[in-house]
Every structure is written in C-alpha cells, then in structure tokens.
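Guided by the hints, dock chain X onto chain F, whose structure is given.
Residue numbers (this note's numbering), protein chains in the order written: chain F, 2 to 385; chain X, 2 to 385.
Think of the hints as simulated: they come from the structure by calculation, not from any bench.
One or more hints might be untrue.
Said to hold, decoys possible - Cβ-Cβ distance ranges computed for the label pairs, FRET-style:
{"no.": "1", "chain 1": "F", "residue 1": "His262", "chain 2": "X", "residue 2": "Ala182", "range": "51 to 59 Å"}
{"no.": "2", "chain 1": "F", "residue 1": "Glu307", "chain 2": "X", "residue 2": "Ala60", "range": "34 to 42 Å"}
{"no.": "3", "chain 1": "X", "residue 1": "Asn332", "chain 2": "F", "residue 2": "Gly92", "range": "56 to 64 Å"}
{"no.": "4", "chain 1": "X", "residue 1": "Glu163", "chain 2": "F", "residue 2": "Lys134", "range": "51 to 59 Å"}
{"no.": "5", "chain 1": "X", "residue 1": "Ala60", "chain 2": "F", "residue 2": "Asp266", "range": "31 to 39 Å"}
{"no.": "6", "chain 1": "X", "residue 1": "Gly41", "chain 2": "F", "residue 2": "Pro282", "range": "43 to 51 Å"}
{"no.": "7", "chain 1": "F", "residue 1": "Val156", "chain 2": "X", "residue 2": "His232", "range": "50 to 58 Å"}
{"no.": "8", "chain 1": "X", "residue 1": "Ser56", "chain 2": "F", "residue 2": "Ala235", "range": "37 to 45 Å"}
{"no.": "9", "chain 1": "X", "residue 1": "Ala275", "chain 2": "F", "residue 2": "Gly92", "range": "30 to 38 Å"}
{"no.": "10", "chain 1": "X", "residue 1": "Glu44", "chain 2": "F", "residue 2": "Lys134", "range": "24 to 32 Å"}
{"no.": "11", "chain 1": "F", "residue 1": "Val156", "chain 2": "X", "residue 2": "Lys324", "range": "45 to 53 Å"}
Claimed, not checked - Some, not all, of what chain X presents toward chain F, calculated at C-beta under 10 Å:
{"no.": "12", "residue": "Ser25"}
{"no.": "13", "residue": "Trp32"}
{"no.": "14", "residue": "Leu39"}
{"no.": "15", "residue": "Lys69"}
{"no.": "16", "residue": "Lys86"}
{"no.": "17", "residue": "Pro138"}
{"no.": "18", "residue": "Pro238"}
{"no.": "19", "residue": "Ser246"}
{"no.": "20", "residue": "Ala248"}
For every residue, glycine included, the Cβ atom is placed at its ideal position computed from N, Cα and C.
Each chain, letter by letter, is given below.
Number of protein chains: 2
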Amino acid sequence: MKTSLTDFAVFGGRPTFAAPLRVSPPACPDWNKTEVQLRGIFERRYFANHGPLVSKLDAQFAVYTGRKHAISVVNDGLALMILAKGLDLQGEVIVPALCRSGVFDALRWAGLMPVPCDVESDTGLMSTSSIRKLITPRTSAILGVHLWGRACAPVDLPTLSEETRLPLLFDATHGVAIRHAGKSLGSFGQAAFFSFQEGEMLDCAEGACIVTDDELLANKLRTIKNFHPGHTFAPVPLRINGKMSEAQAALALVGLDELQHNSDDNMERARAYAEGLTAIPGVRILSGMESPQIIVDIDPIDFGLERNALFNLLEKENLYAQKFSSDPIQNAAGVKNAFGLAQRIVQLPCHPGMTKEDIDKVCLLLRTIAVHSARISQRMEAKP
Amino acid sequence: MKTSLTDFAVFGGRPTFAAPLRVSPPACPDWNKTEVQLRGIFERRYFANHGPLVSKLDAQFAVYTGRKHAISVVNDGLALMILAKGLDLQGEVIVPALCRSGVFDALRWAGLMPVPCDVESDTGLMSTSSIRKLITPRTSAILGVHLWGRACAPVDLPTLSEETRLPLLFDATHGVAIRHAGKSLGSFGQAAFFSFQEGEMLDCAEGACIVTDDELLANKLRTIKNFHPGHTFAPVPLRINGKMSEAQAALALVGLDELQHNSDDNMERARAYAEGLTAIPGVRILSGMESPQIIVDIDPIDFGLERNALFNLLEKENLYAQKFSSDPIQNAAGVKNAFGLAQRIVQLPCHPGMTKEDIDKVCLLLRTIAVHSARISQRMEAKP
Chain F
2 MKTSLTDFAV
12 FGGRPTFAAP
22 LRVSPPACPD
32 WNKTEVQLRG
42 IFERRYFANH
52 GPLVSKLDAQ
62 FAVYTGRKHA
72 ISVVNDGLAL
82 MILAKGLDLQ
92 GEVIVPALCR
102 SGVFDALRWA
112 GLMPVPCDVE
122 SDTGLMSTSS
132 IRKLITPRTS
142 AILGVHLWGR
152 ACAPVDLPTL
162 SEETRLPLLF
172 DATHGVAIRH
182 AGKSLGSFGQ
192 AAFFSFQEGE
202 MLDCAEGACI
212 VTDDELLANK
222 LRTIKNFHPG
232 HTFAPVPLRI
242 NGKMSEAQAA
252 LALVGLDELQ
262 HNSDDNMERA
272 RAYAEGLTAI
282 PGVRILSGME
292 SPQIIVDIDP
302 IDFGLERNAL
312 FNLLEKENLY
322 AQKFSSDPIQ
332 NAAGVKNAFG
342 LAQRIVQLPC
352 HPGMTKEDID
362 KVCLLLRTIA
372 VHSARISQRM
382 EAKP
Chain X
2 MKTSLTDFAV
12 FGGRPTFAAP
22 LRVSPPACPD
32 WNKTEVQLRG
42 IFERRYFANH
52 GPLVSKLDAQ
62 FAVYTGRKHA
72 ISVVNDGLAL
82 MILAKGLDLQ
92 GEVIVPALCR
102 SGVFDALRWA
112 GLMPVPCDVE
122 SDTGLMSTSS
132 IRKLITPRTS
142 AILGVHLWGR
152 ACAPVDLPTL
162 SEETRLPLLF
172 DATHGVAIRH
182 AGKSLGSFGQ
192 AAFFSFQEGE
202 MLDCAEGACI
212 VTDDELLANK
222 LRTIKNFHPG
232 HTFAPVPLRI
242 NGKMSEAQAA
252 LALVGLDELQ
262 HNSDDNMERA
272 RAYAEGLTAI
282 PGVRILSGME
292 SPQIIVDIDP
302 IDFGLERNAL
312 FNLLEKENLY
322 AQKFSSDPIQ
332 NAAGVKNAFG
342 LAQRIVQLPC
352 HPGMTKEDID
362 KVCLLLRTIA
372 VHSARISQRM
382 EAKP
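In isolation and in its complexed conformation, chain F is listed as follows:
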C-alpha cells in the first residue's frame, strides 16, 4: 500500500499494476460453441440474408425480452436509423444530452434533428419535467436512454408518451441482461433496441436487436434492414443494408446462451467495486449492479482532485480508465447537468480477466488517492 507521495507512480513510485489494466469486454462467447455454429454456416454456404441463425436469434430474443417481435440488425447506430424510418419520423427527436455521439449522428442520417435534453445530476437520466420544456409542434418522438444499467423513467415516460401521443423509443444498448421490476429493459416504449457490440454483456462482433409488439412496425423494420427487393414485408420510405450476418447471429446465439452466467459473474465484480468504493469521499458509483460498465462520478471538491488529474494519475499506475465524450453537446444550451457530469465520470475496468484482488487494488488505490488528494494536487500542479 502506498503511504507516502513518492509511492505514487506519477511521482516515481512503482505502478500499482505490473501490466496495463484496461477497460475490456465484459464477456466473450465460448470459442468451442462458436466454432460449431460457424462450421454450420460454411457447410450451408449461406452467409447473409434472412438465414436460419438470424431467424433463430430473432425468435429466441423475442422470448427473452417478452416482446412479440425481435429484429436483429448489424449495429445499434443502424438500429436507430432503421427505427426512425420505420416510424417515418420527421422533424425533431428529444434525446438525453448525456449519451453516445452515435445517437445524435444516427438521427441526423435519418434526416432528423436531435434535441438534447438535460439530465438529472444524480442519475444521468432524463426526467419528464425536462422533456416537457422541449416539446414543440416539430417534435416527432422521444428517445429515452437506459443508461449504465438503470431504467430511464420507465413509468413516467410511457405516461407522457400517451398524453402527448408522441412515439416513445428506448435505447437499451447497455441493457441486454438487465431487468427492471422483473421485466426486460426492452419492455418499455413502442420499440427498444439493444446493442451486441464490444463492451456489452452480449457481444457478437457488432450487432444489435430491435424489439417491439407492433406487428406492422416489425414488418417495416424487416423490410428496411434489407435492400433486396424480394424481401418486402410492408411498404417503407427507404431501405438500407442493415442486416445482421449469419456469423454475427452465431456469436449472438452462443452469447445469449451464456448471458445469465456472464451477467452473474459481472455482478460479482460490481459487488466487489460497490464494497471497495464505499465511503470514499467524492466517489460515487453511478452504474447499476447489473451494468456491464462500472461508471464512477468523481466530485472534484470532495475527492480533492479533478477527474482529468485522477485519470492521468491512474494511467501512471497502469490503470487505464475511460472518459465520457461531451463532444455532441459541446455547443448545446440548457444541458448544464449533462455537461457537468460528462466532465466528472470515469469508467473503470471490469471484465472476466480481472480477479477480486485486482478490483480490491483499484479501490484501495482510489481510497489512498482520496486520503492524499490535497498534497497530490499541490505536487502535480507544481510539477513542470
């Protein structure tokens, strides 16, 4: 344990971790099971359109989320683009200011104007009161984002949607294994989509899935995601090559099979973090226990160091955390909470390659930094 300032790597001490510890995927499908599936694709010589594995995945995923229809697509950006065209949205869509830049861009590709809505500073989630202020005659839909394993207003938002008759969509990218009040995060809104990309609990080397109970919408989505004129299930304004390949579906099926196990495993690590970070001044875990990502809010006053200074200090200890980009809302007005949070949060490594001891070391490091933060800050500023 570090007891004096010079024990910290930034001041010449030995790094806490001998090898770099990075943010890494929380799960990876078993190779042997995957190989069996992939061999089958090669034997069938059928790689792409509406193949048997994609159909199987759609059927299994509909059951898993308790929705009538599941439509697998190539990634979550295209899921949102396809969904926007499926609903033939025009004009503005209200989105939380604290979300991945891909959400803003996907809406723009679909010819829509994303309107960033500020979030609650304690959760990072939108509330209906902030949304109400942004509704205009140009508003065509509300996109809720279930962030870091927490449901975004799963009762209030549907009520607001009914009241305003605005379609309600949910981005549940990080929530494939997560339940709220016993229901899948995909259960809420007219449609929702999950990501199966790197960093999620189910990773099929890029991939996503849209779920809905609306049969006409499902048929439109199935038509839009495939540009082959032969595969038309409903009239649509525009199509795209957004289909999931059989190889992605193979990985996703293996991942779905292992999902509960991997999620339980992940929760063990989240518990270790929750225990280890208890009562460190200025350190607060924002992510839910089932989240595939450990997101920590660093209060610069209480912790005694700004997030960026902490970030640099951790890097010297061979601990590579990740920041959150506030690029998409750089010039947006009225999103103070979101912008503030984006400057404070870090994602800590949490993956199957880490032991309980690794997590304890991360937490102890943060605790030790908190104890010495005033002097560290002083000395870091004094350094050339």
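Frame of chain F; chain X shown alone:
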C-alpha cells in the same frame, strides 16, 4: 435431350435437373484457413475497432488495387453513404438507371437526390453523352457503375469529370477480381468501392472496401466509418458505425488469398457458358468473362419467348435463374434502354458446386427451348 414438347417439365416432362440448381455464391473461403484467423480473434479478445486484421486487409487491398488507401467498411451501401459524406456532397448525383436499388437508397440516406441516367442498350453501361444531358447546377457528382465485369467508360468518364470538375466515383461492387487494360477496376475515378458480399468473388459475409489515392479523403472516410470520438483523423460532417469487424476481415483476408484461384475457376465456367450459348438466336451474354455473375439478355423476338415465360419454364426444369429489379426506375423518365434491359435479362447459376456438364445442360436446355420456342409459347398461352 428433349425432342418433343412433352419432354419439357412445364408440359409434364422430367425436369432437366434432379435437384434445384440455384444462383449461388461464386466463392466461399476455406474453412480451415478461416478457423485459424477466427481463433486468433478469440485469443486477442478483440472484435471490432481498427483491429489488426482490418488494418492488414486495408494494407493488402491497397496494394492489390494499386491505390494509396483502402478503407474497409461493413457493406457497399454504407460505403457509398460514407463516401458521399466524405466528399460532403449536396444536391444531385448522376447514377446509371440500371443498377441495384441499394445505390439509390444509399444516396438518399446521405441526403442526396439520385438522378437516373439511361444506359446503352448493348452494354447496360452509361455513356458520357447521356450524362451530359443531365448535368445541372445542382449536380454534385457522377457515380459510374462497372456492371457485370465490364468497365463503365473508364477513359471518357474521367475526361468528363476533369472538364466539368464534378467528382467521379465508381461503384465497382462486382469487380473485385477484375482488371481493365491491366489495371484494377478500383483504379478509376476519385474513389471507387468494391463489395465483399454474397454473390461476389470475395465474400466475407457482408463487407466492402473503398479505395482512393486522396489522403485527406481517406482520413475523412476512416473517421466517418467509426463513431468513436477517439478515432478522429480529419473533420467530418457526420459519422456512422460503418466499420468492418475483425471477423469479416478474417474472411476477407482468406478470400483475398484465394481470389486469383477462385477467379480463374470462375472464368472456366464463364468460358463454358460462352461456348454453350454461342449462336442461340436471341440469347446474348452481357457479362464479361471475369464477372462473378452470368448475365444473359433474352431478345423476346429472336428467342421467341419473353424473359418471364422463359423464367417460369426454367423453374419447372429445376433451374432457378434470377431476374433484375427495375423497381427503382419504375416511374423515372428518359430511361427507356435501362427499363427495357431490366425486363430482358436473367442471371444464370454459376458457382463452384456446378460441373462443366451442368453448364452444358443449362446451355443445351436454352438451345432446345429456342428451337421449339414458337410452339412452346403457343402451348403455354393455351394452358389455363
């Protein structure tokens, strides 16, 4: 051999093929080589962004096409969307009326208006004289399409582009293995893109690659195809998740390795078709010898049967040809040649699962139909 009308399956005869013969991929990567690559991905636990296999593919493909830069992306629709944003095109783009509907849709996703240009009736390709008539102040680019293994005006189009200062892009989706005057089909225009999708000589379960000599454009394309704020190589108007996964790159690397062999193999089959279809009245092969697709133009007068009637007749013989969709130009004006050709062409099966005898049987069947076409036509019309 069929000698009387009742020998044809449509009139109760025995089908020419015992099992269905379908249009199928012209190549499929070797499983054992693919397995080695895929195992590597699982060992590295690195599936997606700017991975080592994608980098290797980009480097090898730039050399293969003789271009300075190659940028792999997820599919050819997104290749065109990304290219349009990379050049920041606005307004209209002139495209051949005879091309896949995906081209029209991709341009629309990029906020552009595709302007269909009629094609030459003998080749299916655009000529500069038809393009000139469509150039207006709103024209922002010309998209040439190298169709069915033939280069689209590879000398005239660059000259027109220089003269008009309109950017010239080439869709070389079907032409990965094809050379024109000793150069890759990717050599022409400011940028070109190839498809690695099902049906092409290199098939990586969806995939595409853009090639260009323009370094700034290449950096923009690399930025646009990846929505991660960390990977920014040049300022761009919009980004998308359009990256190729490591798994796709694994298949593509194996496919690139086998490309010459598979292409030679394919040419053997094309030669067998060229011989077998010689001097059948009203039957003309439109595709080049290196084309992954055998495209045949059926002249209804000289052949004695309309394409659709022939199509139905072939199906009864267990020979499943493919039509060409004219949906995107259904209501377009001034595209008479393209529309006419779309009603006349069929794609015949041509894949490694077929023997020389299979191809001879297909050709003999077409020859026999031509001989009896008048009586077949009469009897088909008489049937209820």
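Status of each hint after checking the structure:
1. F/His262 x X/Ala182: 51 to 59 Å: Given about 58 Å between the Cβ atoms, the range holds.
2. F/Glu307 x X/Ala60: 34 to 42 Å: 40 Å, holds
3. X/Asn332 x F/Gly92: 56 to 64 Å: 27 Å, violated
4. X/Glu163 x F/Lys134: 51 to 59 Å: Since X/Glu163 and F/Lys134 have Cβ atoms about 54 Å apart, the given range 51 to 59 Å holds.
5. X/Ala60 x F/Asp266: 31 to 39 Å: Check passed, 37 Å falls within 31 to 39 Å.
6. X/Gly41 x F/Pro282: 43 to 51 Å: For X/Gly41 and F/Pro282 the Cβ distance comes to about 45 Å; the hint holds.
7. F/Val156 x X/His232: 50 to 58 Å: 38 Å, violated
8. X/Ser56 x F/Ala235: 37 to 45 Å: 40 Å, holds
9. X/Ala275 x F/Gly92: 30 to 38 Å: Given a distance of about 55 Å, which is not inside 30 to 38 Å, the answer is violated.
10. X/Glu44 x F/Lys134: 24 to 32 Å: Violated - the Cβ-Cβ distance for X/Glu44 and F/Lys134, about 51 Å, lies outside 24 to 32 Å.
11. F/Val156 x X/Lys324: 45 to 53 Å: Since F/Val156 and X/Lys324 have Cβ atoms about 51 Å apart, the given range 45 to 53 Å holds.
12. Ser25: 7 Å, holds
13. Trp32: This interface hint holds because 5 Å falls under the 10 Å limit.
14. Leu39: Hint holds; X/Leu39 Cβ to chain F Cβ min 7 Å, cut 10 Å.
15. Lys69: For X/Lys69, the interface hint is violated, since the closest Cβ of chain F sits about 27 Å away, which is over 10 Å.
16. Lys86: Constraint on X/Lys86 satisfied, holds at 9 Å.
17. Pro138: 23 Å, violated
18. Pro238: At about 9 Å, which falls below the 10 Å cut-off, the nearest Cβ of chain F leaves the hint on X/Pro238 intact, so it holds.
19. Ser246: 4 Å, holds
20. Ala248: With a minimum Cβ separation of about 5 Å from chain F (threshold 10 Å), the hint on X/Ala248 holds.
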